[in-house]
Amino acid sequence: MARREVVLETRNLSMHFGGVRAVDNVDFELREKELRCLIGPNGAGKSTFFKCLTGQLTPTSGDVVIRDIPMTGREPHAIAGLGVGIKTQVPNLFDGLSAYENLWLSARRWHGDKRASQLVKETIERLELGEICSATVGSLAHGQRQMVELGMVVAAEPWLVLLDEPAAGMTDEETYKTAELVREINKTSALIVVEHDMNFIRAISDIVTLFHQGSIFMEDTMDVISADPRAREIYLGHKS
Amino acid sequence: MRLYGTFSGTLVVAGLAIIFTLLAPSIFEFFTIITLTQVIGLSILALSLALVWGFGGILCFGQSAFFGIGAYAYSVAAVNIGGSTGAIFIAILAAAIFAAILGYFVFYGKVSDVYLAVITLTVSLILYSLMRRTSGPEYKIGKALLGGFNGTGSPPLNVPGNGSAMLFPMQTFYVSMAVLITAYVFTGWLVTTKFGRVCVSIRENDVRTELLGYDTRLYKLGLFSISAGIAGLGGVFFCVGVTRVTPDVFSLGQSALAIIWVIVGGRMTLIGPILATFVLYFLTSSLGSQQVFNANLVLGIILVIFVLLVPNGVVPTIAGWFERRRTKRYIRQKERRMKLRKHRATG
Ligand SMILES: Nc1ncnc2c1ncn2[C@@H]1O[C@H](COP(=O)(O)OP(=O)(O)O)[C@@H](O)[C@H]1O
Ligand SMILES: [Mg+2]
Chain A
1 MARREVVLET RNLSMHFGGV RAVDNVDFEL REKELRCLIG PNGAGKSTFF
51 KCLTGQLTPT SGDVVIRDIP MTGREPHAIA GLGVGIKTQV PNLFDGLSAY
101 ENLWLSARRW HGDKRASQLV KETIERLELG EICSATVGSL AHGQRQMVEL
151 GMVVAAEPWL VLLDEPAAGM TDEETYKTAE LVREINKTSA LIVVEHDMNF
201 IRAISDIVTL FHQGSIFMED TMDVISADPR AREIYLGHKS
Chain B
1001 MRLYGTFSGT LVVAGLAIIF TLLAPSIFEF FTIITLTQVI GLSILALSLA
1051 LVWGFGGILC FGQSAFFGIG AYAYSVAAVN IGGSTGAIFI AILAAAIFAA
1101 ILGYFVFYGK VSDVYLAVIT LTVSLILYSL MRRTSGPEYK IGKALLGGFN
1151 GTGSPPLNVP GNGSAMLFPM QTFYVSMAVL ITAYVFTGWL VTTKFGRVCV
1201 SIRENDVRTE LLGYDTRLYK LGLFSISAGI AGLGGVFFCV GVTRVTPDVF
1251 SLGQSALAII WVIVGGRMTL IGPILATFVL YFLTSSLGSQ QVFNANLVLG
1301 IILVIFVLLV PNGVVPTIAG WFERRRTKRY IRQKERRMKL RKHRATG
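Each protein sequence line maps, in turn, to chains A and B. Quick note on the working numbering: the first sequence kicks off at 1 and runs consecutively. Quick note on the working numbering: the second sequence kicks off at 1001 and runs consecutively.
There could be a bad hint or two in this list.
Sample of chain A residues with no beta-carbon within 12 angstroms of chain B, all distances over it, derived [to be verified]: (1) E9; (2) G19; (3) E34; (4) D68; (5) P70; (6) V90; (7) S106; (8) E149; (9) E174.
Simulated crosslink set (BS3-like; lysine-lysine; CA at most 27 angstroms straight-line) [as the list claims (entries may be wrong)]: (10) K114(A) <-> K187(A); (11) K114(A) <-> K1110(B); (12) K1110(B) <-> K121(A); (13) K1194(B) <-> K1143(B).
Simulated from the structure, these hints should not be mistaken for laboratory data. Idealized CB from N, CA, C, for every residue including glycine.
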């Protein structure tokens, strides 16, 4: 089978905060329709790496290339403007607006009024947001807010999706739903998902990238990683 | 709370304003009608600040800079052209273009929001001291003398295409009201468009808006320029009403007044700041004509009261009352129905 095309690539990517090497010389590749999980203990540099991809941080050195276009240090809107859907680790919503309006703003970036409304309607059905769609997002429970954020990603129909801890703070049921959704998104898009929850990762992922102290420690299936004693110590050791 | 009202609501208010316009001559004395034109100009300034600050979240403390630029541009252009119609458009453009250039450096230079307030105010104060220094005969643009702290004369409005056919005060009042209503309907429409909603979303969370793929700087720049153009339009009618423009349009007091009108009227609405301008203008001018209270002191007290007790402003607070009453009534009805059902079930 011919290998799929690389859609996102970093070369020697580094991000230093003073003396802290939050991301250190990372070479990373993501292929078309691939679903990749990033794992690692707290402070491993996952979110910093993620923010270099989304343009929220300008890397100290190295390159970010998306679909052969050099995007290093470009603004987030330029990166999202390529058709990249983004969900950050900290909840990032329009708290004063309704869930419907949140979704609409996402869909409307890409489509005319009519198509955007239709996409919002579809997203509301797909994510079962019907009950909360007219509520002000600021008044929703944490898990529901996470769901709305996922909805915003879905409603834009991106070809590449970047999610930083989508299941954090969710109930088991919501986590399950999110895993389902991630797999479904993966039918049409490539994804990078930063996650902690082991069951979640097992449920969705094929290849996992393990971050440790700003570098990629290992890249393999979850089974191999959890069988590796050093990887277990890095990841599971810190976790318990 | 609704963050942007409906456009039909805007049209209803516009309808009421038209009725007010038609009734005004039979309610007010002739002298008041003449004064109204300059108040209308000020209320357009308040409207422009409500747009950029209330809806866009950009606190432009020196909004009166654009107001003053509009007033000066109109006066100079009208004197040189010998007619008012083209001069009005020149005034709008001058204010909008000035804002676009200033905004480019501010927004693309990633200056934080607090500094934007300071920068715009500073620009206004720089213009104030510059214009005060233009008293010599060498400071003239074409036929118009800038006149230093005495300012320069602002020609009255005339029939479009006929520079010598001046409008009567009553006609000028009608034209000003028509312009105010048009500006109000335009902004009311603008905030319901995609552009307007994206601006609201930037106010709510600019990082998120950016991550959705919207170029937030461009939207901010657009909103900033549009609102400056509206402020410039306000400057036109203000100076036409006063019949001259002095550097005072750039003063700290003028900038502060605009902020007060918007806070008192309610910065999440467009009509609130307009109404507050009218009410506070006539309140302070009636206080000014007696000697008991200092008008500025009263204005200051009103501001403090509003910031502490009615932080959302008058119009949103009243709208909130109605909203709550409606909800209460709805709940009462529902309870009554439930009781009835229970009654039937048990009885
Ligand atoms: N803005 C910042 N300034 C300074 N240090 C930072 C900043 N952001 C992250 N760091 C540091 O970089 C390291 C990686 O953090 P982060 O990327 O958030 O880790 P993770 O997401 O894997 O938990 C941590 O040591 C953190 O303290
Ligand atoms: Mg993180």
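Problem set entry | Interface exclusion of P70(A) relative to chain B, criterion Cβ beyond 12 angstroms | holds, 18 angstroms
Problem set entry | Verdict on E34(A) as a residue remote from chain B, using beta-carbon distances over 12 angstroms | E34(A) clear of chain B: closest Cβ-Cβ about 22 angstroms, beyond 12 angstroms.
For this session: Run the C-beta distances from E149(A) to all of chain B and say if the shortest one exceeds 12 angstroms.
Result: violated, 9 angstroms
For this session: Verify that the Cβ of V90(A) lies farther than 12 angstroms from every Cβ atom of chain B, and report whether the claim holds or is violated.
Result: Contrary to the label, V90(A) does not stay out of reach of chain B, its closest Cβ about 9 angstroms off (not over 12 angstroms).
For this session: Given the hint that K114(A) pairs with K1110(B), test it: the Cα-Cα distance must not exceed 27 angstroms.
Result: violated, 34 angstroms
Problem set entry | Assertion that D68(A) lies outside the chain B interface [Cβ separation over 12 angstroms] | holds, 20 angstroms
Exercise. Can we confirm that no CB of chain B comes within 12 angstroms of the CB of E9(A)?
Worked result: At about 21 angstroms from chain B, E9(A) clears the 12 angstroms cut-off, so the statement holds.
Exercise. Does K187(A) lie within 27 angstroms of K114(A) when you go C-alpha to C-alpha?
Worked result: holds, 25 angstroms
Problem set entry | 12 angstroms cut-off, C-beta based - G19(A) kept clear of every residue in chain B | G19(A) is indeed farther than 12 angstroms from all Cβ atoms of chain B, at 25 angstroms.
Exercise. Would the least Cβ to Cβ distance between S106(A) and chain B come out above 12 angstroms?
Worked result: violated, 5 angstroms
Problem set entry | Satisfaction of hint between K1143(B) and K1194(B), Cα-Cα up to 27 angstroms | Between K1194(B) and K1143(B) the Cα gap is close to 44 angstroms, so the pair fails against 27 angstroms, i.e. violated.
Exercise. Beyond 12 angstroms from chain B, beta-carbon-wise, is E174(A)?
Worked result: About 21 angstroms separates E174(A) from the closest Cβ of chain B, which puts it past 12 angstroms; holds.
Consistency note: the structure conflicts with the earlier hints numbered 6, 7, 8, 11, 12, 13.
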